[in-house]
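> Chains as they are written, first to last, in the numbering used here: chain A, 1 to 291; chain B, 1 to 238; chain C, 1 to 314.
Honestly, I wouldn't trust all of these hints.
[Stated by the list, open to error] Derived DMTMM-like pairs (lysine to aspartate or glutamate); straight-line CA-CA distance at most 25 Å: (1) Lys131/B / Glu192/C; (2) Lys79/B / Glu98/B; (3) Lys111/B / Glu192/C; (4) Lys131/B / Glu143/C; (5) Lys79/B / Glu193/C; (6) Lys158/B / Glu192/C; (7) Lys175/A / Asp37/A.
Hints were generated in silico from the structure; no laboratory data involved.
Treat the numbers as computed from the prediction; the structure is a model and nothing was measured.
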Amino acid sequence: MFFSWDLLAEAVMFGVLLGSFYAAVSIGLSVSFGLLDVPNVAHPAVMVFGSYCTFVLAGWGLDPILAGLVLMVPFFVLGVLIYRFYYEAFEKRGTDAAVRGLAFFFGVAFIIEVGLILAFGVDQRLVQAEYIGSSLALGDYRIPYRMLVAFGVALLLTFSLSLYLSRSYIGRAIKAVAQDEPALRLMAADPVRIKQWAFGIATGVSALAGAMLIVVGPVEPALDRAYIGRTFCVVVLAGLGSMTGTLAAGLILGIAEQIVLIFFGASWAPAVAFGLLLVVLGIRPQGLFGR
Amino acid sequence: MAALLRISGVSKHFGGFTALDGVSLEVAQGERFGLIGPNGSGKTTLINCISGALRNESGSIVFDGEELSRLPAYKRTRKGVARSFQIPRPFRSMSVLENLLVAFEYVGHLKDAQSEGLAREILRGMGLADKAAASTTQLSQVELRKLELARAMAARPKLLISDEAMAGLSGAEVDEVLKILFGLNEQGITIIMIEHIMQAVMRFSQRVVCLDAGRIIAEGTPQAIVQNSDVQRAYLGA
Amino acid sequence: MRAHGIYWIAVAVLFAAALGAALAPVNEYFFYAAFVVLQFVVLATAWNILGGYAGYVNFGTGAFFAIGAYTATVLFKWLGAPLAVQIAAGAAMSGLLGFGVGLLTLRLRGIFFAIATVAVTFICETLMINWRYVGGATGLQLERPPVLEPFETYTRMLFVVMALLALGAVSIARYVQVSWIGRGLRAIRDTEEAAEASGVPTLRLKLFACTLSGALMGAAGAPMPMYLSFIEPASSFSLNYSINALAMPMIGGTAHWIGPVVGALLLASTQQIVTVTISNELNVMVVGVLLVLFVVLAPDGIVGLFKRWLRSSA
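Use the sequences and the hints to build the structure in full.
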C-alpha cells in the first residue's frame, strides 16, 4: 500500500462521481423498500435487466442514455404489474407473507439472472457512444466522460425524484402512505393505487439506472449480486425513507470504495459495500437520517 | 395499598416526535386502573414501554420493587407483567389451546401434561372452552379479544394490561369482556385498562389517568376525570 | 412414543441400506449422484430449521457450506486431519459464522438478516479468493488419503458418511420441531412480538436456530473437498447452493421436517438426471420457476398439498 495525497484526492473525486451514481441506482430501492416496505431484493436484478435492454436498443443505434429514458415507460408498467401481483399474492394475506415475499423476490432475481445468462451468455457486454472512451483532462487527472455523463444524469434523477416526492400531489401521497396508511384511507385515497404508482416509478427509474450502469462499465448477468450490496448499503446507511440521505450515503459508499480500490486493490473493492452494510446494521441500523 | 408499579419520568422519542414526555404514575396492588386519552396521546407507547416492546429513553419503571427498564420483554413477562394486544395477534399456526400453552411453557416452565388442564380452565372462564381445538382463524372478533386476554392470563401475571380490548365490540360484547376483567381482578390481579369506551372505563376503574400529547393532564376518580375541563378539551377541542 | 419407535427403526433400516449399497456391486455413478442428493437433504433440512421453523430467510447457504468446505481443506492441508475431524471443525466454524451473523442482525427485521447473509457470502468469497494458502481464485488440488476398509472406493465411503449426516440432520430437525424449542420458534414465526410477550426469549431461540442451521450446513460442506479432490471459491460459494437450499424446503413444505427431505430428494434427483441431458442454466432456472410457483400457489408445499388431499378424501 502506498499512500499519497494525490491518490487520496483521486479516490475522493472518483468516489463522488461513482457515489452519485450509486445513489441514483439506489433511489428506486429507497422508494420500494424504504417507503413502501416491499422486500424487493430483485431490484438490482431488474436494473441489470434494464442494462441488457439498453444494450439491445443501443445495438439498434439508439444512444444508451436515451434508450434508458425510453425504457422508463415499459419498466414503469412492469413495476405496476409486479407490485399488483405482490400485493394480491402476499401483502393482502398477512403475516406469513414476509417469508414468502422474500422467497418470491429472491426467486424472481434468480430467474432474471439465469434468464440473462441463457439469452446473452456470461460474457460481459458494453455499449458504444461518443462519450464512452475519451476522458476530460483536469490538471493531472483524467476523468472519463462516461463517468461525468452518469454523474450528471444521476444528480438530475435524484433531485427531480426528490422534488417530485415532496411537491407533487402523488408524491406527497406516497410519503403519506409510508407514514400513516389508515389516515390516508380515511381521506378516500386508495393506498394500493398509490403504492402501485410508486413501485412503478421505482422500477421505471431502475431502467434509467440500468442504462447508466452499462454506460459506466461493462455488465454481466451476475452483476446484480454486487449491486444488492451497494443498493442496500446505500438505502440502509441513508435511513429507510430518506431521499436526501440516499445521496449522502451514496457519496460515502463511493468514496469508501474508491479508497479501498486505490490503496488495497481491486479484489477487495466489491466487498466494501457489504462490509459497510454489516457495520451499519450492527452499530446504527436506523441509518443516518432514519425515522 | 403498596404500589405494584411505579413509573417515574419516562420519556420516549421517535426521531423528532415526542411520544412520551416525563410520564410518572403509580398503580397500587390489586387496583383497577384506567388509562385514557385521545388518539396519538401515547397510551400504547406507554404500554409498550412497560411491557418491554419498546425501551424508554429516560426515567424508571419499577415493578414489584424491581427496575424493568433494562430487561427484555420476555423477562418482564416472567416477572409478572402481561399485556394483550390492541389488534389481536394470535399464533396462527396453533390451535386456541396451544396459544396458551406457549406462555405456560415459557413463563411457568410447565410441560403440556401439567398445563393443559390449567389452560382449559382459563378458556372456560372466558367462555372459549368449546373452541379449544379450533384454529384461531375461525374465531370471531370478540373471541379473538378474549383469546388475547386468555393468553395474557396463561402467563399467570400479577399485572395485566388490557390494550383496547373492547374497541369495535357491541354493547353486549363489551359487558362480556368487562365481566371477565372484573372476575380476574377479584382473583387478585392488578389491571390497567386502556379504553376509548368511556362507560366501560368509568364502570371498571377505581382511578383514571388521562394522557394527551405524551403528558398526563389529569388524574383522579372516574367521576372527577369526566368533569375535568382539560380532559374534555383534549377529547373535543384543539 | 410409538411414533418415536417407528422413526428410529426407519433410521436404522435406511442406514443399513446405505451401508449395504456401498458394499454391493452397484454402479459407481450412483454414489457420485447420491452423495450430492444427500448433501442437499442436509442443506435443505438445515435451512428449514431457521427459515421454516422460525421464519428467518437465509439467502447465503453457499457461505456456510463453503466455510465448512474450506475449514476442512485447511485442517487437511495443515494437519492431515481425518474426515471426522474435518466435518466437526467445518460444523464448528459455520456454526460460529451463523452465531455471528445472527448476533449482528437477528435483532432487526427478517429482511436485514437475509441481506446480511448475502453480504456474508460475498465477503467470505472475497476472503477465500485472496487467500493463497487455500489456492485463491484458481483453487487447490487435494490428494485423498487411502480409503478405509471395508469400502472399495473413497466415493462409496463418502456416500455412507453423507447418509449418516443426512439421517443425523433430519433427526436433529425432528427433535427441534417437536420439542419446546420448536413451539417457541413457531410462535416467533407467527407473531414475534406476541411470542416475546408470552415469555419466549426470542433473540436466544433465533440465535440457537441460526447457529444450529449454520453448523449443519458446514457439516454438509466439509466432505466436499474430498469428494472433488479439489476446492475453489466460485463453485463452493455458488448461488446454486443458496437457491436450492431455499427452494427445496419451500417446495417440499416448511412446517414439518419431512418437507425439506421430500423437496431435496425430488429436486436434487431430478437435477442429477437432467443435468446430463440439458444445460446447467436451464436446469437451475427450473428450480427458480418452481420456487416462485410454489411460493405463490402452494405455500404449504408438497407436504401441505398432500395433507389437504388426505383431508378431502377422508
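> Checking each numbered hint in turn, tell me which of them this model violates, lowest number first.
4
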